[in-house]
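*Asks:* Put the complex together from the two separate chains, hints included.
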Amino acid sequence: DVKVTQSSRYLVKRTGEKVFLECVQDMDHENMFWYRQDPGLGLRLIYFSYDVKMKEKGDIPEGYSVSREKKERFSLILESASTNQTSMYLCASSFVQGGNEKLFFGSGTQLSVL
Amino acid sequence: AQKITQTQPGMFVQEKEAVTLDCTYDTSDPSYGLFWYKQPSSGEMIFLIYQGSYDQQNATEGRYSLNFQKARKSANLVISASQLGDSAMYFCAMRELSYTGANSKLTFGKGITLSVRP
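For the protein sequence lines, the chains are Y and U, in the order given. For what it's worth, my numbering labels the leading residue of the first sequence as 1, then goes sequentially. For what it's worth, my numbering labels the leading residue of the second sequence as 1, then goes sequentially.
Next comes chain U alone, as it looks inside the complex (with noise of 0.2 Å):
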């Protein structure tokens, strides 16, 4: 079964606009990590931001936020005031805990892609 889920097809999204990326994922470990990755032209993957399974708060990241809804297991990611840097594949992550051994195993979503237009 899939884990991580991003089904919407290439986003678009005004210069300076907001923008919300989907995610869901799959676990029946209590304890787990979320992340996101931007990937942009150049291939190199940029961490932007983590929320763990029992943090509270959502996690912020300067323009970055989680809308995370633990009992909807989502975990979209919210990207304010969007710049045309922002252009780039973004891929939804998640770590689960539990597992002695294998407790470090990262499983990536299949990505979005997010073009920001002037």
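This is chain Y alone, in the form it adopts within the complex (with noise of 0.2 Å):
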């Protein structure tokens, strides 16, 4: 079975802090997301990557960053937490093959900006 791994399922962090959430996938896909997912908001994409250091802009990339430097591995990064970032995350990784595709999800991080 595919597995995605959050590195934490709960994490609190201070305003202004930096705050890395880590995400591995052990199938070797190439596509791999970041989402928010917020009450009465749904899914919302952050970044996404399609391969090894590439990176592009989702629907509301401001007040993040990513780093993908190796295939297993995606990075979400808040330069400077704010309260507003307070949400659960999910990573995802996804694989296409003849037009059809599965997209796999982490069991999220619960993040909290005080």
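FYI, nobody ran anything at the bench for these hints, they're computed from the structure. Each residue gets a CB set at the ideal place from its N, CA and C atoms; glycine is no exception. Each hint should be verified, as a subset may be incorrect.
Straight-line alpha carbon distances no greater than 27 Å define the calculated DSSO-like cross-link-like pairs of lysine-lysine that follow [unchecked claim]: (1) Lys73/U / Lys55/Y; (2) Lys57/Y / Lys71/Y; (3) Lys110/U / Lys55/Y; (4) Lys102/Y / Lys71/Y; (5) Lys3/Y / Lys110/U; (6) Lys73/U / Lys71/Y; (7) Lys110/U / Lys57/Y; (8) Lys57/Y / Lys3/U; (9) Lys70/U / Lys102/Y.
Computed, partial: chain U to chain Y, Cβ under 10 Å [said to hold, decoys possible]: (10) Gln39; (11) Ser42; (12) Glu44; (13) Leu106.
Just the calculated beta-carbon pair ranges, DEER-fashion [to be verified]: (14) Glu22/Y / Ala71/U: 12 to 22 Å; (15) Glu15/U / Leu41/Y: 29 to 39 Å; (16) Gln69/U / Arg73/Y: 39 to 49 Å; (17) Ala71/U / Gly16/Y: 44 to 54 Å; (18) Lys53/Y / Arg72/U: 20 to 30 Å; (19) Val78/U / Leu41/Y: 36 to 46 Å; (20) Gly85/U / Arg9/Y: 18 to 28 Å.
*Replies:* In structure tokens, the structure reads:
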């Protein structure tokens, strides 16, 4: 089974701190994604990457950056955490074959910024 | 403009009955994929079913089927013989396939909460 692992299930940080959210997948998938999920807003795409060292902005990239130095690892960085970044963060990876695709998600990181 | 629309309020269904969760989408790309995901209270996102825009038949996966009406741009999820474990939030999503570089961007709807009553 594909496994997408997010390093922390719960995280509490202070305003202004630099925060790293790590995500690792074990299936050699090319595509990786970071979403945030907020009540009433569904999942919103922050950044995604379709190859090592490649990244694309999603719908809400402001206040975030990403790093993909190795294929299996996709990191989300909050340079200076703010309270409006309190949210559930979901990492995902996918592989496309013949137009068909499944997106595999990690179990999420609930981040609270105080 | 919103690309995926899920407008139903919280849905309720009796155990063993069928239920339809609505999803409409908006795209000018002739090549796209449609997905449904389930998110139980534990928070994990579980893939349920996929429909490609060129697929001739509606997708089915066990008790899940996708009622794909291309002209109406709708991709409703049908769950047959509901079980208590089906209580969860359900998300519809779409990926537009024609854009180079960004061809893996997946857009989600806001979700629908389904509650199955015993």
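*Asks:* Next step is simple, just say for each hint if it's right about the structure.
*Replies:* Verification of the hints:
no. : hint                          : verdict
1   : Lys73/U / Lys55/Y             : violated, 30 Å
2   : Lys57/Y / Lys71/Y             : holds, 18 Å
3   : Lys110/U / Lys55/Y            : holds, 25 Å
4   : Lys102/Y / Lys71/Y            : holds, 18 Å
5   : Lys3/Y / Lys110/U             : holds, 25 Å
6   : Lys73/U / Lys71/Y             : violated, 35 Å
7   : Lys110/U / Lys57/Y            : holds, 20 Å
8   : Lys57/Y / Lys3/U              : holds, 17 Å
9   : Lys70/U / Lys102/Y            : holds, 21 Å
10  : Gln39                         : holds, 8 Å
11  : Ser42                         : holds, 8 Å
12  : Glu44                         : holds, 5 Å
13  : Leu106                        : holds, 6 Å
14  : Glu22/Y / Ala71/U: 12 to 22 Å : violated, 44 Å
15  : Glu15/U / Leu41/Y: 29 to 39 Å : holds, 30 Å
16  : Gln69/U / Arg73/Y: 39 to 49 Å : holds, 40 Å
17  : Ala71/U / Gly16/Y: 44 to 54 Å : holds, 52 Å
18  : Lys53/Y / Arg72/U: 20 to 30 Å : violated, 41 Å
19  : Val78/U / Leu41/Y: 36 to 46 Å : violated, 26 Å
20  : Gly85/U / Arg9/Y: 18 to 28 Å  : holds, 22 Å
This entry does not satisfy hints 1, 6, 14, 18, 19, going by the numbered hints stated previously.
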